[in-house]
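Asks: Input sequences plus hints: build the corresponding full structure.
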Amino acid sequence: MKCLSEKAGVYGHYRNAKLFSKRDIVILAAVLLLAAVSVVLLFVFPEGSRADIYFEGELYASYSLNQKRTVELNGGKIVIEIDGGKVAVTENDCKDQICVRTGYISRVNERIVCLPYRLTVVIRGKGGVDEITGGIQS
Amino acid sequence: MRKEFALLLVILLVLPLILTGCKAGEENFIFGTYYRFELRGSKSGAAKREINAFLAALEKELSTSHAQSAVSKINHSQKDVSVPVPDSFITMFKESARFYEMTEVFNPALFPLVELWNFSPDTFTGAASYIPSAQSIAELLPLCSLDVFLLDENAKTVTKTQDGAKLDFGGIAKGYAVDRAYEIAKNRGANAVINIGGTIKTGREITVAVASPRGGDYAATVTLNNESVATSGDYERYYIYDGVRYHHILAPDGYPSGINEDNPVISATVIGESAMVCDALSTTLMIVGADKAGKLLTAIGYSALIIYKDGYLIIGDKDFEMLI
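The listed protein sequences correspond, in order, to chains A and B.
For the first sequence, the numbering used here gives the first residue as 1, with consecutive numbering after it.
For the second sequence, the numbering used here gives the first residue as 1, with consecutive numbering after it.
What the hints contain is simulated information worked out from the structure, not anything from laboratory work.
Beta carbons are placed, not taken as given, at the ideal position from N, Cα and C, and that holds for glycine.
A portion of the hints provided could be inaccurate.
[As the list claims (entries may be wrong)] Among the chain A residues that face chain B by a calculated CB cut under 8 Å, a handful are:
#1 D96
#2 I98
#3 T133
#4 G135
Replies: Okay, structure coming up:
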């Protein structure tokens, strides 16, 4: 069994070190700043509209509508185009093609659905209506 | 001093998490359409799980597309065979009967005709290569009555008295599901906004847009709070054949509602306390129009926006902000 006084020696360094050094203050300040900034960001910056893409019932991706982009799913059989603040399913190998026929959507809470693939493209963002009643059924 | 500092640090770090609130949401599919809900409250997570489980179970019991559902079993059974049915089926059956008595046109037994017109989920393709003949429609009409189905509530079975008779609760299933899901959330103390295929119930103030029956900008917007809304239209499931629009809401004569009228109803939105009642009455309005259904709506304190091919009509107190 080790001598207790020797053990004290190993921990003795930590017990003798300053509890609150300059480095700690810097780290603390950085963390507090980050926390404060995140709180501010939640309230001050409005979100631009985004397209949330759900595939097979799970959220696959969320893209800003501001950037032109082509999204391919299911090995390229499903093609989603984002351009100029709008999004559309431009190609799909599903039977009914309801998703493709829906065309471009751009307003908050508008959605394109494809039941066979449990695919949903829905616009999220501030402003606009909360819900839409009526619409194409798949 | 150090302890207080540490506590302050923890609070500041946790603050952003607290401020985003206790929320739970879902975006998925049921009954061949999308559903989404947003819950707020400390038990939102538990309520979300319960609602998802309830909706999954309901679809297994009532969907016409699920081979093992009670509805499918009844639809494919032979006459005089007693088919065991779950409670949800019994509820749908009794409520349908109640709505039929109330409206004289709401009929879930029209499914054989819906299939004939290729409007069932399994047959619909958005196009048609033929239109059913008057004779084929006339042949199926006698089957299309709730009277053909005998419900034994004690034994929990349903027996049909004629081969080929089929049921479809599509006209009220969404509304029923919305009402029940809303109740589940409420029982958990969660404030909810539930939307199944455009049938919505909300526990807080929200703005709802009514889709335009012919595309483009919304037809109207309306503010809802602690109430439900449902919409039926001739644009939800339809095809155009020989320049004529045929849609999935059939009238008692077996033809799509309004097809021979000069100024038919093309969309009906109903607002009131129960999503299921809104669901049933929006379908009813499509078939009978405002003259007959207006009194019924007013008697139960519900409102409606009826959009015709030309023009619109508002019934009740709700303030619709029209955009058309």
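Asks: Per the CB criterion, is G135/A less than 8 Å away from chain B?
Replies: 5 Å, holds
Asks: Can you verify the interface hint for D96/A: is its Cβ closer than 8 Å to any Cβ in chain B?
Replies: Holds. Min distance 6 Å.
Asks: Holds or violated: is the Cβ of T133/A closer than 8 Å to a Cβ in chain B?
Replies: 4 Å, holds
Asks: Measuring from the C-beta of I98/A to each C-beta in chain B, is the shortest one below 8 Å?
Replies: 7 Å, holds
Of the numbered hints stated above, none is contradicted by the structure.
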